[in-house]
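Could you build the full structure based on these sequences and the hints that come with them?
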Amino acid sequence: MTKRLVVGLLLAGLVGGLAQGAVTIMVLWSGDELAAFQKVADAFQAQTGITVRVESVGRDLPTILATRVAAGNPPDLAGMPNPGQMAEFVARGALIPVDDLVDLTQFPTAFVDLATVNGKVYGIFISADLKSLVWYNPDALYAEGLAPADSWNELLYITETLAARGKVPWAVGLESGAASGWPGTDWIEDIMLRTAGPELYDQWVNHEIPWTHPAVKRAFELFGAIVRNKAYVYGGTTGALSINFGDSPAVLWDPTPGAYLHRQATFIKSFIAGAHPELDLDRDVAFFVFPPIDPKWGTPLLGAGDLISAFRDTPEVRAFLQYLAGPEAQAIWCGALGKLATNVNVDPSIYPDQLTAQAAEILKGAEIFRFDASDLMPAAVGSGAFWKGILDYVSGVPLDRVLQEIEAAAQAAY
Amino acid sequence: MKATRILKRLPLHLLIITLAVIWLAPSLGLLVSSFRPRQDLLSSGWWTALVTPSYWSKFTLANYREVLTQQGMGRAFLNSFIITVPTTLLTLAIAALAAYALAWMNFRGRQFLLMMVIGLIVIPLQMTLIPVLRMFNVLKLSGSFPGIWLAHAGYGLPLMIYLLRNFFGALPRELFESAFIDGATPFRAFVKLVLPLSVPVLASAGIFQFLWVWNDLLVALVYLGGFEEVAPLTLKLSLLVGSRGQDWHLLTAAAFISMIVPMIVFLSLQRYFVRGILAGAVKG
Chain A
1 MTKRLVVGLL
11 LAGLVGGLAQ
21 GAVTIMVLWS
31 GDELAAFQKV
41 ADAFQAQTGI
51 TVRVESVGRD
61 LPTILATRVA
71 AGNPPDLAGM
81 PNPGQMAEFV
91 ARGALIPVDD
101 LVDLTQFPTA
111 FVDLATVNGK
121 VYGIFISADL
131 KSLVWYNPDA
141 LYAEGLAPAD
151 SWNELLYITE
161 TLAARGKVPW
171 AVGLESGAAS
181 GWPGTDWIED
191 IMLRTAGPEL
201 YDQWVNHEIP
211 WTHPAVKRAF
221 ELFGAIVRNK
231 AYVYGGTTGA
241 LSINFGDSPA
251 VLWDPTPGAY
261 LHRQATFIKS
271 FIAGAHPELD
281 LDRDVAFFVF
291 PPIDPKWGTP
301 LLGAGDLISA
311 FRDTPEVRAF
321 LQYLAGPEAQ
331 AIWCGALGKL
341 ATNVNVDPSI
351 YPDQLTAQAA
361 EILKGAEIFR
371 FDASDLMPAA
381 VGSGAFWKGI
391 LDYVSGVPLD
401 RVLQEIEAAA
411 QAAY
Chain B
1 MKATRILKRL
11 PLHLLIITLA
21 VIWLAPSLGL
31 LVSSFRPRQD
41 LLSSGWWTAL
51 VTPSYWSKFT
61 LANYREVLTQ
71 QGMGRAFLNS
81 FIITVPTTLL
91 TLAIAALAAY
101 ALAWMNFRGR
111 QFLLMMVIGL
121 IVIPLQMTLI
131 PVLRMFNVLK
141 LSGSFPGIWL
151 AHAGYGLPLM
161 IYLLRNFFGA
171 LPRELFESAF
181 IDGATPFRAF
191 VKLVLPLSVP
201 VLASAGIFQF
211 LWVWNDLLVA
221 LVYLGGFEEV
231 APLTLKLSLL
241 VGSRGQDWHL
251 LTAAAFISMI
261 VPMIVFLSLQ
271 RYFVRGILAG
281 AVKG
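These protein sequences, in sequence, are chains A and B. Here the first sequence stands for residues 1 to 414, numbered as in my numbering. Here the second sequence stands for residues 1 to 284, numbered as in my numbering.
Hints in this document: simulated from the structure, not taken from any laboratory. A few of these clues could be false.
Not the full set, but computed from the structure, chain A residues with beta-carbon under 10 Å of chain B [stated by the list, open to error]:
#1 24
#2 30
#3 53
#4 67
#5 70
Predicted model only: the values in this text are computed from it and were never measured. C-beta atoms are modelled at their ideal positions from N, C-alpha and C, and glycine is treated no differently.
Shown next, in the form of structure tokens:
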């Protein structure tokens, strides 16, 4: 009897929730991210009276969403894992274009382009993460009479100068348990973007060019020129292979710096702070953008982002999309999580520290932004053969053989 | 006399103990890990904690506390029960009636029906998700508990019917003949004869279905969705890992919390379990 009552109440609640003045959104977030998004939803509800029902399904989102779409009851909106997945839903005719619903001039063009399929925009980025950063210890670098690099040649100059003085320029850590090798994939991706350009990069992601393509080979060679040189890397190649990615940057801030440069995404800040609690992050820690290589492609940025797309066009959905795109929602979301806002009008004071604000500033100027390629590739390649290929290459396996092996895995996976 | 027998059996016992230890090691590792602080979990193996007595004072309940105090945990527990208990009862009721009919009632097409049911066992559940969800949308069953009861019952029924039919079919024919001579209707024979004789197999079928539904994530996500008011424990736990897998120290504790209910169910019905499986298996 009681159970019946409970079920009845639940059903009533469900029907009530589906009534007018509500939007549903399916997301893959959990924990802090889910809580932060709930805050955004609550603020929207307080302003408009429109209820937002957030449905978190975790990492199974692509499967669940595809099933719901095929069965004809998608949510009103959904968080897309990446632009590739979004394009698949566009191809099925499931998403509605947002060109006319949202003021797209609030975003850097790179983020609008990334969500564009066949000339129409199908999603908005509410935040992003930035990976194309080279971290350094300003005191140590300036003490050597060196400054942040604006070009690849300058970066090589810093590297060679330090090595000539008997110092170690780079800290590289590729170890990450079962995921070892991934920090190297970010290097290759950043170099690919700068030497081959975004179009070829996209073709590489979709395996429309083979891994043995000269452009891929060149990216590996440029990476190898630094990381495979025993004099350029802290601990030599053995160090690069065996030092944990999170521990590797710590030597930059040792009393006698063990190294001077470290290429890693924004998140590494918390690892640096953990290893050296005495540091004043805003004063002692700094980064510059991974410099351009081929001037033709400028300085593309590598990273990831949180993308929201809409399956239904209702007044409530429009209102919510507009709110999510605006500076207010992004201030709540990014302020809580330390992510970087994509809306150029977001006040930099929302960020927890100056480093994050700086990264956000870099993002605002983005001309080309691309998602981490290894995240977009099939798991057998992007979180398998590619990682292993990095480790093999750094440990001395000939490049042609490394690329042939990844290509073989890709042939089977796509 | 007794000593030589023990000695003779020693190799066998050693083998069994070795197998049991190998089998239990992963669970033991999980259990030990669930009591270790996060940093230690990430820096050293669980066995190091076991062999270092000085470490034992560092065991903590913090992981359990964190999991249990998560927002919405109680709700998720309740949802899992609302999903699992009616589903199990529904499946057993339908399966028992169907199995009885297939075993003891004479009607045209009985063999064909049985073959169909057995054939359904091998159909992958994933293939049915979209068409069934489409039907549920029309019937307004998606996102509701009755919908998922039906879905789970549907997925469980073929195997349950097969299991029960084999057991019912092995009951002595004379029993039914005398009952019918005494004027019992088929339904009366079912209630008074078959059910009391089949407690073991019903219990084991019940355990099967309970465990399957309790541990399910996919079916619940598709038909019920991830909204807080309907999401089962399994979804809540899968979200605990964190988007970067950073919280897996919580997962160790969460795994044990979600295991508690199936363990209680299994242990309390266990003595029926083995008998039930054997009973069904001997005569095919």
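These are the hints, each one checked on the structure:
no.	hint	verdict
1	24	holds, 8 Å
2	30	holds, 4 Å
3	53	holds, 6 Å
4	67	holds, 5 Å
5	70	holds, 5 Å
When each numbered hint is compared with the structure, no violation occurs for any of them.
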